[in-house]
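**Student:** Keeping the supplied structure of chain A fixed, place chains B and C upon it in accordance with the hints.
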Amino acid sequence: MSMKSKIVNVLKRTGLTLAFPALIFVVMLIITLANGINYYVSGIMVRQVVTDATLTTIIALAIYLQFKNGRFDFSGGATMILSAIIAGNITLQAGGNSVMFMVLSVLFAVVFSVLTASVYIASKVPVIICTIGMTLLYESLTYVLFDAEGLSIISRVDMVLFGRVPYIFIPLVIVLALFIFFTYFTTEGRRAKLLSGNQKVAVSIGIRENKNVLITYIVCGVILGFGALVYGSQQIITTQSNLSTSSILFSYIVPVFIGMFIGKASVDAVGVVAAAVGMEFLNYGLDCLGVGAGGYQQIIFGMFMLAFYAFSAQAGNIKKLLNKVVAKFTKQEKKELPDVR
Amino acid sequence: MEEIKKESKFKKILSAVTTYIRGHVSDVASYAGLVLCLIVFTITSNGRLWSTYNVSVLLESVCVYMIVSLGALFVYAMGYMDISVGAQMGVYCLLMIFIINATGSLLLGFFVMLVLTLLCGAFNGAVAVWLKLPSIVTSLFLMFLFGGIQYLMVESTGSSIVSTDYDFSIFLEPWVIILSIVVVAGVVFYLFNYTKLGKYTRGIGANELTTAQCGVNTTKWKVIAYMAFGVCVAIGSLFLLARTGSAGKGTASSYAMDVMLALILGGMPLSGGMKAKVRCALVGSFTYSLLSNGLILSGVDTTLVYFIKAIIFMIVVILSCRDRSGLLPR
Amino acid sequence: MRKFFKKVLLFVTVMALCVGIGTSMVACGGDGGKVLIGVGLYQDAGPAVTATKAFLGGLEDELNCKFEYTTLSQTDEAANKTTVQTLISKGCKGIILTMDLGMSSIIAECEKAGVYIGGYLSDYETTLDSIKDNDNFVGTVVDGAYRGTAWGEHIAARVIAEGYKNIGMIKFPAFAFPHQNEMDTAFRAKIAEYNETAADGDKITVQATTTELNFSTLEASYFSENPDLDAIFAMCAGVDFVYPTMVSAGKTGIKLYTAGFTTSESTLADFGEGKCIQELVFSNVEAITYPVVMLLNKISGNEFADNPAQAERVDSSQIIIENSADLELVRTKSIYCTGKLEDAFLSAADVKALLAENGGTYAKLVETVQSMTIDDLAAL
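As given, the protein sequences belong to chains A, B and C, one line each in that order. Mapping to the working numbering: the first sequence position 144 is 445, numbers consecutive. Mapping to the working numbering: the second sequence position 230 is 297, numbers consecutive. Mapping to the working numbering: the third sequence position 306 is 955, numbers consecutive.
The following block holds chain A by itself, in its conformation from the complex:
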């Protein structure tokens, strides 16, 4: 295949993936205009979508990394929140800045991720149960540390640089690059894929699962660290308990499901980004329509998610049906041609 055709192929595939957010944008634009709302497209909208989609992408990629490798990790949200609280408060007390906040967030997130991995490996408890236990532990620490005050630095301009446009692109690019590099260009990334495909066979051929799990959790920790950086820069963080951080998991898992499907055309990481952007176009549009929070938003979100997932699960059958219809239609056309002999 020539270089030109390769590039065209890549662009085509990426275009297919990006068609999802584009479609959402157009639909919401039409709906808002039809309701007399002419401020859907604005500078504020772009800023809001970019900042929210970045956070969504980072957290979704962290969830997806574990999901891809056959693990449903409950502790991601709690790791992120606790890392943000500790890193943010230490940075505040030390009179530090955004860079210090970033370094400490990543450091603590890696430490907690490694701790989770170590407990999982040592205890040999099923991963969901183990990570639920670690979630409870990390959430409880939000009460014990720093007088249970959480973190509130959103107005500290010197600390929240990476939570705002344009610097927010830095953590996003780092996370994307790290995810793609680890998954597709490293040996451990490929080994993780083998392990998720058939664990027994992969271990039998000599893959050291414990080492692979540890490395995957370290990478996940780095991603969650950047998530903590952005999350702490945008939100006031309070104490958590009784698996309340699992709501983070369940909110951000939707772009993962959608991204898995639309990313089939290109790269799954790009799919997750596209899904996150699409969901933020939807959320912003619902805000403009006055159904941005409360009952209606939850119902619309749930129905959208179910419809999309049902569509993606039945995509094969839909394609077959369409082919049948097209074939039937073309057969009919052939029948109508006059016999010229």
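One or more hints might be untrue.
Stated by the list, open to error - Quick list of simulated restraints, FRET-style, between CB atoms:
1. Y340/A <-> T277/B: 57 to 65 Å
2. W242/B <-> V502/A: 52 to 60 Å
3. G498/A <-> W242/B: 53 to 61 Å
4. E275/B <-> S548/A: 26 to 34 Å
5. F864/C <-> W242/B: 39 to 47 Å
6. V400/A <-> K761/C: 56 to 64 Å
7. D459/A <-> F864/C: 44 to 52 Å
8. V502/A <-> T286/B: 26 to 34 Å
9. A1027/C <-> D459/A: 28 to 36 Å
Unchecked claim - Restricting the straight-line Cα-Cα distance to at most 25 Å, the calculated cross-link-like pairs of lysine-lysine (PhoX-like) are:
10. K342/B <-> K425/A
11. K512/A <-> K425/A
12. K565/A <-> K199/B
13. K702/C <-> K1001/C
14. K266/B <-> K287/B
15. K683/C <-> K702/C
16. K199/B <-> K369/A
17. K565/A <-> K369/A
18. K287/B <-> K263/B
19. K501/A <-> K342/B
20. K313/A <-> K565/A
21. K683/C <-> K715/C
22. K199/B <-> K266/B
23. K781/C <-> K1013/C
24. K852/C <-> K814/C
25. K715/C <-> K761/C
26. K287/B <-> K494/A
27. K924/C <-> K982/C
28. K1001/C <-> K1013/C
29. K199/B <-> K625/A
30. K620/A <-> K313/A
31. K620/A <-> K199/B
32. K199/B <-> K621/A
33. K565/A <-> K620/A
Don't read these hints as lab results, they were simulated from the structure. Small disclaimer: the values here were computed from a predicted structure and weren't measured. Beta carbons: idealized from backbone N, C-alpha and C, even for Gly.
**Tutor:** Below, chains B and C alone, put in the same frame as chain A:
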């Protein structure tokens, strides 16, 4: 000679006990956790744990967890989980209040709620299979749907809580609570251990493909399992409403996670299968309620309550859910 | 079946052992003669909680009582009932609650147990009418004024004086906070009155329909919808629900008039003349004196000579911070910021003197909780 005989008899007993514990770590750990909590909290609360008043308080809070957990057994035995149960219970409580306030009939309210739970159960069980969706997707959908409906129902009343003056006091009597638990536990025990429902749900959890190839209609039994869960959710919602006579935006919001935690504390494997047992729900829900009650009665600072609960949870699950097969469990 | 019965027998034996140990310990145990009062707060931590605990801690010896703290749920009434039941199990004779969620079942529980209940920083809007005649309810002290009219007029006066012309309006849903409607109406009435005599160029435009926040932070789309604002009147807790969005949307040039307070230095740095936040308000933790005194009177069987026939809802004064000098005063002299008992409006002896057994009166108690303004703080 007699002393030697006594010593060898003692060694035999000790050896038998050790062998039993080694072979039944999971069972022993969950029971031991409960017994240890009972003993420790009895001492640290200066005996207040066993005052008549506190026992009735414990019964009231355990009742809902236990009944819902017993129903959840069927779903978790299949290796699935239902995270929409909290939102569902909130809506059912509100619905019952509206019907009772409009008609004065608790029976009608309960009947409507029961029909709704059965429909949701059928949806969860059937739609996921027909559309080839993971069960978590339908569960997520119901969570968002019911969460939104709950919010809108409360908002429509123009008040932050909705209440009824119906006299629920009979449902708070200890003998009624104990009788309800015994009846539900008895029925679930029978269904789970002596009928096809229990056998096939555990079979689906162990290996769905094998179960299907044995000629079992797995879709049908999934639907029935979810519907059985729905019946327990309906009964649990009734007892929950009876506690306060009111409901709001956040009623029952934490029950999905609480039920999961209770089952895990009772030694339930989240992958389901043959190791699922009725005692997981009974022991787990009692331990879970006892932890919250006992820690506060013992004077533990509220900031440390969650930490201690987390540590106890980790110890119990490490002892009861450990997989020694060699591969990392998933 | 045999195994099952063996397990049941073992379990029942252990339970019997525990019950035996337990009942004997209850018989032997005691609480040192101090009256136990439970306090259900609306949050786990923060400056208000620290200050409340510091204040109450300082009263324990003088009043011969002990306070047990717990946190209530803002959404789950069954959880609140369980919390109150646990406090009763602990031996609490009186309970102070900062919200009335689940109150009808809670008051029934207290009646059964012979425990008394009082309110703190809550107007008990949904339940007061049904419980004010109940012997076990002693009344509640509101966070500030029950009616919102005065606050709405005060903010309107400031907006007019400071020359802002395009005002955004934000509040919580009416079903949860009905008195914010009063603030809204009073504000608009005052502005309308001003506009009647103002020149065309000086007229003030107020957002036509007040935006309702569904207990989540303000959405950034608000600023697209209202692009020309120069001030916002946030009747909700604006410091937590509006200010963060203003910061992230880069709209801190808009002035924010709101209720609420924070000890976060980074947020306080944006308060004052020329800055974003123009007003901060908080309720005095010393207002808890009202339910404490009423409960201790009830528990000891004493009553004020001028005790009201029904339990009442009493207003309390608040600290209103309008400028940097006020903020500095609060930072250095208010228990809310310092967390030190010696900075409280009332000492333990002052509170003891308010009890009925020491000649206190209801009128004096009410006057006390209504005399804790910024001017009173400056005079201390």
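**Student:** Against this structure, judge whether each hint is valid.
**Tutor:** Hints, verified against the model:
no.	hint	in the structure
1	Y340/A <-> T277/B: 57 to 65 Å	58 Å, holds
2	W242/B <-> V502/A: 52 to 60 Å	57 Å, holds
3	G498/A <-> W242/B: 53 to 61 Å	56 Å, holds
4	E275/B <-> S548/A: 26 to 34 Å	29 Å, holds
5	F864/C <-> W242/B: 39 to 47 Å	41 Å, holds
6	V400/A <-> K761/C: 56 to 64 Å	60 Å, holds
7	D459/A <-> F864/C: 44 to 52 Å	30 Å, violated
8	V502/A <-> T286/B: 26 to 34 Å	30 Å, holds
9	A1027/C <-> D459/A: 28 to 36 Å	34 Å, holds
10	K342/B <-> K425/A	17 Å, holds
11	K512/A <-> K425/A	14 Å, holds
12	K565/A <-> K199/B	18 Å, holds
13	K702/C <-> K1001/C	17 Å, holds
14	K266/B <-> K287/B	14 Å, holds
15	K683/C <-> K702/C	17 Å, holds
16	K199/B <-> K369/A	19 Å, holds
17	K565/A <-> K369/A	14 Å, holds
18	K287/B <-> K263/B	12 Å, holds
19	K501/A <-> K342/B	22 Å, holds
20	K313/A <-> K565/A	12 Å, holds
21	K683/C <-> K715/C	6 Å, holds
22	K199/B <-> K266/B	24 Å, holds
23	K781/C <-> K1013/C	21 Å, holds
24	K852/C <-> K814/C	7 Å, holds
25	K715/C <-> K761/C	22 Å, holds
26	K287/B <-> K494/A	34 Å, violated
27	K924/C <-> K982/C	23 Å, holds
28	K1001/C <-> K1013/C	13 Å, holds
29	K199/B <-> K625/A	21 Å, holds
30	K620/A <-> K313/A	19 Å, holds
31	K620/A <-> K199/B	16 Å, holds
32	K199/B <-> K621/A	16 Å, holds
33	K565/A <-> K620/A	15 Å, holds
Hints 7, 26, counting from the list given before, are not met by this structure.
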